[in-house]
Amino acid sequence: MRRLRFHPCGNFKESYAQEITVFETDFGRFWLLVGLVLLFGVLPFVSSPYFLYVCNMIGIAAISALGLNILIGYTGLISLGHGAFFGVGAYAAAILATRLGLPFWVCVPAAGFVTALTGMVFGIPSGRLKGLYLTIATLAGQFIIEYILVHWESLTQGTMGIVLPEATLFGLVIDGDRPFFYVIFICLVLVTWMTKNIMRTRYGRAFIAIRDNDRAAEGMGIPIFPYKLLSFGISSFYAGFAGAIWAFYMISITSETFTLSLSVEYIAMVIIGGLGSIPGAIFGAVFITGLNEILRWFTDLFMNMGMATGFGLNMASLRELAFGLAIVLFILFEPKGLAEIWRIVRSNFRLWPFSY
Amino acid sequence: MDFFIQLLVNGLSIGLLYGLSAMGFVMIFKSSSVLNFAHGELLAMGAFLFLVLTTWAGLPIYLAFLVTLAGSFVLGFAVERLFLRPLIGESLIFVIMLTVGLASIFKGLLLFFFGGNLHTYPEFLPAGLGVQLGNVFVPPVYVASSFIGIVFLVLFGLFFKFSPQGIFMRSVADNQTAALSLGVHVKKVFALSWAIAAMVAGMSGIVLGVINGINVHEISAIGLKVFPVVILGGLDSIGGAIIGGIIIGLLETFTCGYISPSLRDVVPYAVLVCILLVKPYGLFGLVDIERV
Chain A
1 MRRLRFHPCG NFKESYAQEI TVFETDFGRF WLLVGLVLLF GVLPFVSSPY
51 FLYVCNMIGI AAISALGLNI LIGYTGLISL GHGAFFGVGA YAAAILATRL
101 GLPFWVCVPA AGFVTALTGM VFGIPSGRLK GLYLTIATLA GQFIIEYILV
151 HWESLTQGTM GIVLPEATLF GLVIDGDRPF FYVIFICLVL VTWMTKNIMR
201 TRYGRAFIAI RDNDRAAEGM GIPIFPYKLL SFGISSFYAG FAGAIWAFYM
251 ISITSETFTL SLSVEYIAMV IIGGLGSIPG AIFGAVFITG LNEILRWFTD
301 LFMNMGMATG FGLNMASLRE LAFGLAIVLF ILFEPKGLAE IWRIVRSNFR
351 LWPFSY
Chain B
1 MDFFIQLLVN GLSIGLLYGL SAMGFVMIFK SSSVLNFAHG ELLAMGAFLF
51 LVLTTWAGLP IYLAFLVTLA GSFVLGFAVE RLFLRPLIGE SLIFVIMLTV
101 GLASIFKGLL LFFFGGNLHT YPEFLPAGLG VQLGNVFVPP VYVASSFIGI
151 VFLVLFGLFF KFSPQGIFMR SVADNQTAAL SLGVHVKKVF ALSWAIAAMV
201 AGMSGIVLGV INGINVHEIS AIGLKVFPVV ILGGLDSIGG AIIGGIIIGL
251 LETFTCGYIS PSLRDVVPYA VLVCILLVKP YGLFGLVDIE RV
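These protein sequences, in sequence, are chains A and B.
Going by my numbering, the first sequence opens with residue 1, and the numbers climb by one from there.
Going by my numbering, the second sequence opens with residue 1, and the numbers climb by one from there.
Since the hints were made in silico from the structure, they are not lab data.
Treat the hints with care, as some may be off.
[Claimed, not checked] Straight-line Cα separation of at most 30 angstroms, DSBU-like style, residue types lysine-lysine; simulated pairs:
no., chain 1, residue 1, chain 2, residue 2
1, A, Lys13, A, Lys196
2, B, Lys279, B, Lys161
3, A, Lys196, A, Lys336
4, A, Lys336, B, Lys161
5, A, Lys336, B, Lys279
6, B, Lys187, B, Lys161
[Said to hold, decoys possible] Derived CB-CB ranges, DEER-like:
no., chain 1, residue 1, chain 2, residue 2, range
7, A, His151, B, Val74, 40 to 50 angstroms
8, A, His151, B, Gly115, 44 to 54 angstroms
9, B, Ser260, A, Tyr16, 30 to 40 angstroms
10, A, Ile186, B, Val74, 52 to 62 angstroms
11, A, His151, B, Phe3, 20 to 30 angstroms
12, B, Leu82, A, Phe170, 50 to 60 angstroms
13, B, Gly115, A, Gly290, 34 to 44 angstroms
14, B, Leu277, A, Gly221, 25 to 35 angstroms
15, B, Phe3, A, Arg99, 40 to 50 angstroms
Just so you know, even glycine gets a beta-carbon here, dropped at the ideal spot from N, CA and C.
Using the sequences and the hints, build the whole thing.
See below:
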């Protein structure tokens, strides 16, 4: 057993290995372990079904937001089509499960790969475009995918939607909130671990180099176009993976979910959480999903209080308002997002009682 | 043949509307290079302000029109001053998401006060404005909107060509640093261009409302239609916005008439992707090549 070290009070790193290390002290490992035990051992057993449902939604959103963070936060490519990719994953899983009868554990990764391919096709404009032109191209991608999902009726059954078969894993039937909680959060933990490690390898460093200065990156021998496509591919894989799990969890899917506003929600998660930060994507998912649920709760409350239904209906518009306000206020006052607030809180504790 | 002419007239008038809506968008992009996702909501704000002034406050039409223009001017100014000025020099994603957030706020406010129903203005255009083209009748609103569109296009052309403020705006669009060092008050130019753009947007919103009725969702959807229009015309060309709007409008109505009505909403975006891949600076945009 190694000696438990405290955080140093300054930056005393001597090698690159120290710089990219995941856990600076064994306390980090310890707290992570405690967190995982609480997450898997305690949370599913003490929470109500509704709370568990919210947790599951958070988990799915977090997987998708992690993917978008690779694209926006690490590679600097802004995509307005993430919601559509999420939908492609959901439909791919549904079609694979109903038409080909593939099992759950094949469907979900396969849907991820289908979505990754789609994402790479829609990432092709990034070979010539960057910045806002690329953003507009992904906006067009969003509308085109939405159109295909609704109108390719022989495959997607249009507005009727698809009903998925029951998910089974290793002979066990996964239904209800608690089994899905385990599936979703084990996937989330794996995906987080994978993302963290992608960012420590040459691929992650190449993404960051492209974000910071694409011409300098090209000059240093990074082939930009393949790496941009790879980034689109990885990010869409995450979206598709999350979408596939979501489809199995929701049992029936229709195309109305995967609109531009879903894409905007994912970008909001990434920004409110913190661009280019892995915990940030998860914080963002918690924040936005939580905000949605709280506002829905308020809407229901006002509806049930027997106030004029007109007023209750108007509350629905306040969701839109609160969502917009959250984005605007975070951008204006804490553009680095919740991850930065978390960092400040932690560093205050680290130097306690001598924090300044 | 009549069907063709009917489609042509419809396409032209819808296209002109798109062009009018895109004009304000282009003005904002031209001077401050902000991609404004809240443009549809700016249109809607103008349309609803006019609605309030005409139906609820009962002002005469001309006065209501002028007050709407003034109100939109103030709104644009306030938006720039409060939200966009702190972001000067920040990276693109923040600016884009800020306008997305603003769009959401405006939409929420409008839905809160007016709901998602269709509202209409009282009838105020004289019926004599309609024009009979062979067997096809052009309704008065289309004539009036074409007239307004052309007048504004000419006015803005003159404004950018000759007035000092217009020349400042063009200089800032061309090179911010150079304009700054030559004594142009860049921030003032930003504020002015947002104010003017919001004014144009308010005016276009009224025209849209007269033709289609006023519905928050529909008008903000037109704000997204602006993207194919401006990319086709060139992001920084005001004349290009009008021509791009007309081309997209014609394309939409002809697809709707001859191929399939369901394709109508997706064709502009398919065109958009093609244009971006082949000629990203559009028909009349400033070619500023940076290979990546």
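Status of the hints after comparison with the structure:
1. Lys13/A with Lys196/A: 20 angstroms, holds
2. Lys279/B with Lys161/B: Measuring from Cα to Cα gives roughly 27 angstroms; hence the hint holds.
3. Lys196/A with Lys336/A: 19 angstroms, holds
4. Lys336/A with Lys161/B: Violated, at roughly 42 angstroms.
5. Lys336/A with Lys279/B: Violated: Lys336/A and Lys279/B sit about 35 angstroms apart, past 30 angstroms.
6. Lys187/B with Lys161/B: Between Lys187/B and Lys161/B the Cα gap is close to 21 angstroms, so the pair holds against 30 angstroms.
7. His151/A with Val74/B: 40 to 50 angstroms: The hinted range 40 to 50 angstroms holds for His151/A and Val74/B, with Cβ atoms some 43 angstroms apart.
8. His151/A with Gly115/B: 44 to 54 angstroms: 30 angstroms, violated
9. Ser260/B with Tyr16/A: 30 to 40 angstroms: 58 angstroms, violated
10. Ile186/A with Val74/B: 52 to 62 angstroms: For Ile186/A and Val74/B the Cβ distance comes to about 54 angstroms; the hint holds.
11. His151/A with Phe3/B: 20 to 30 angstroms: 25 angstroms, holds
12. Leu82/B with Phe170/A: 50 to 60 angstroms: 56 angstroms, holds
13. Gly115/B with Gly290/A: 34 to 44 angstroms: 27 angstroms Cβ-Cβ, so the 34 to 44 angstroms window is violated.
14. Leu277/B with Gly221/A: 25 to 35 angstroms: 27 angstroms, holds
15. Phe3/B with Arg99/A: 40 to 50 angstroms: The hint (40 to 50 angstroms, Cβ to Cβ) holds, given that Phe3/B and Arg99/A are roughly 41 angstroms apart.
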